[in-house]
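*Asks:* So you can see what is in the structure, the chains are spelled out below.
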Amino acid sequence: MIKIFEIREAFKQALDSIKVNRMRSFLASLGVVIGISFVLLMGWVLSGLDKAMSDSFKMMGVDVMYVDKHDWSGGKSWNEVRNRPNITLQQANKLIESLQSVELAVPVARRWQAEIKYGPNKYQGITAQGTYYQFGYTPGGSIEFGRFFSENEDQYSSNVVCLGWKVYETMFPKGDAIGKTIKIEGHNFLVIGVLKKQGTTFFDFIDNIVYMPLSTFLKTFGKFRRTFSIAVKAGSEENLDNARAEVEGKMRIIRNLQPGEENDFSINESKAFEDQVKIIRTVVWSVGIGMTLLSFVVGIIGIINVMFVSIFERTREIGIRKALGAKKRTILLQIVFEAMLLSLLGAIISFFFTSFIAYITGTIIIEYVPQVEFLSPFMPYDLLIIASIISIFVGIFAGLVPAIRASNFDPVIALRYE
Amino acid sequence: MDNNILIKTEGLSKIYQMESAQVIALKDINLEIKHNEYVAIMGPSGSGKTTLMSILGCLDTPSSGSFYLDGVDVSSLDDNQLAEIRNKKIGFVFQTFNLLPRANCIKNVELPLIYSGVAKEERYGKAVKALEDVGLGDRMTHKPTELSGGQRQRVAVARALVNNPSLIFADEPTGNLDTKTGEEIMKLFAELWKKGNSIILVTHEEDIARHAHRIIKLRDGVVIDDFRNPNPVIA
Ligand SMILES: Nc1ncnc2c1ncn2[C@@H]1O[C@H](COP(=O)(O)OP(=O)(O)O)[C@@H](O)[C@H]1O
Ligand SMILES: [Mg+2]
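Residue numbers (the working numbering), protein chains in the order written: chain A, 1 to 418; chain B, 1 to 235.
Derived by calculation from the structure, the hints in this document are not laboratory data.
Treat the hints with care, as some may be off.
Claimed, not checked - List time: in silico DSSO-like cross-link candidates among lysine-lysine, alpha-carbon distance up to 27 Å:
| id | chain 1 | residue 1 | chain 2 | residue 2 |
| --- | --- | --- | --- | --- |
| 1 | B | Lys107 | B | Lys143 |
| 2 | B | Lys107 | A | Lys328 |
| 3 | A | Lys3 | B | Lys88 |
Construct the complete structure from the given sequences, taking the supplied hints into account.
*Replies:* Given below as structure tokens:
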């Protein structure tokens, strides 16, 4: 039977042997460093992505949905969506009036790909939205500077506008937006407010937006052949199902749908983005897993290789140990522990290495590539634990064959002199 | 069987099977060595001295014949039991010292104790004592590379006796040392013998063999002479 002291001593001998061969130990763990670094970087990117996504949802309001002719999740065919009848302002207002279980509902009209000018600066591809002043009470309408437009401005079709964060940042890098007059599609607008930043990284298109009173919007861009969407705030996440059911039922009546007929509108929730994110996740995962597996194969081969070199280099030492009473299993344990420690060392090195990358990314690279803002400047600690566990198994696996080989070395070696 | 008999071999042979030929390293060796004997195994290079020692020291197994150590049939033992015998009953001193180059003296001497599971403090105490006994009390934390040949061999002797084995094998222990240093090592063996240990010394040098009380001569794997040394050199 193997005894505790044997395990402990084998471990100590392994540790000693790693300490006295620093360079070799470092080289041996290099493959694992690469492998574990991939795992860590992948986990880092994914956790950043998850956080960016949930942050964006929170900012837009997890209890908000949009009734729209279009389907945001991309789950419907383009043809089917295009052939749906527009949602008219009358229909929108009818729905808004009839809803009972929701906190707030406002119509929204959109103009895609609008162009903004301020002095010589041009900014294209923004979404101009017209809505009611109540939109300012939703998370999507919360203000960073200035104010949202008022009921009065809504009534009198004032040419006032609130800028989304990205529009503001791009057009007014000096930060002096309020009170300036900009041109939207050639029409003058007074900037009265800047909205809070909502989207992070992949979701920053949300901030590529301007809001104006709905009446102003219709006056400026025309009211005919236009489809409206209705922003509905359920009031709480728990009420979401309830609200959705009511919205769907009432909307079907308004749209004159017969039982069994399919909806000719979509109820879009901020969660619809999840599908988009899932695609990104899948891409990151499949690239990451592929790279990781590959580098682990390299890492394992690296350790096996170095362990083989190392045991043959120490043939005599191992022979001496056996001559002095080391059993097969003693040597086996020592070598397996060595490989395990080397691999663990690799994991620790990669944790520092990737932490460094994360820190550099979060502090320096972000200055030049702002898109990396979704990445945390710190490596999550739970990833260290995962990496360590993986590396321990990798080490044991890689050490096994060389260890068995070494444990079978003949103690007679100790007596042979070259 | 006589209780006083430490080693007994019957028809012991060792054949090394090479690719093309076979080497008969030992042929029909019949020996009896008692407790507390001081034996020198002599013979020219290639005569089978090291091979004999490796079998008697439980490092290797014979091709045929039998070998009893302390009345135990060694061929019936498995690897682990052989390792335990080497660890507890036998101490080895090698021509090239065979110290672990990167470990200091204490760690080298502690090695047999580690493998027999002696607790840390006791182990350290015994290693210190063994090093003091060979006159290296002031070199404990030195590494072998920082020591002279004679000092290294003393460390090896300390390591061989630290676990209180009854049988000490030395294969050409002075082969890599100058005459004077060699004599000092021989003195250590004489002391060990006086304390009741059995010593089997392998050498091809007459001067060294003369310290032993019995001399066994080998040639081409055969015992050609086995006689009592009437007046061993007192080191
Ligand atoms: N591992 C081995 N494989 C093949 N031949 C060996 C081996 N070890 C020793 N021999 C041969 O056995 C004979 C005895 O060797 P050895 O016991 O080392 O002699 P000595 O120690 O007296 O010089 C020699 O001919 C040697 O070449
Ligand atoms: Mg020899």
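*Asks:* Each hint needs a verdict: does it hold in this structure or not?
*Replies:* We went through each hint and held it up to the structure:
Of the pairs offered as hints, the one joining B:Lys107 and B:Lys143 holds, with about 9 Å between alpha carbons and a cut-off of 27 Å not exceeded. Restraint check for B:Lys107 and A:Lys328: satisfied, since their Cα atoms lie roughly 20 Å apart, inside the 27 Å limit. For the suggested pair A:Lys3 and B:Lys88, the alpha carbons sit about 17 Å apart, so the restraint of at most 27 Å is met.
Taken one by one, the earlier hints all hold for this structure without exception.
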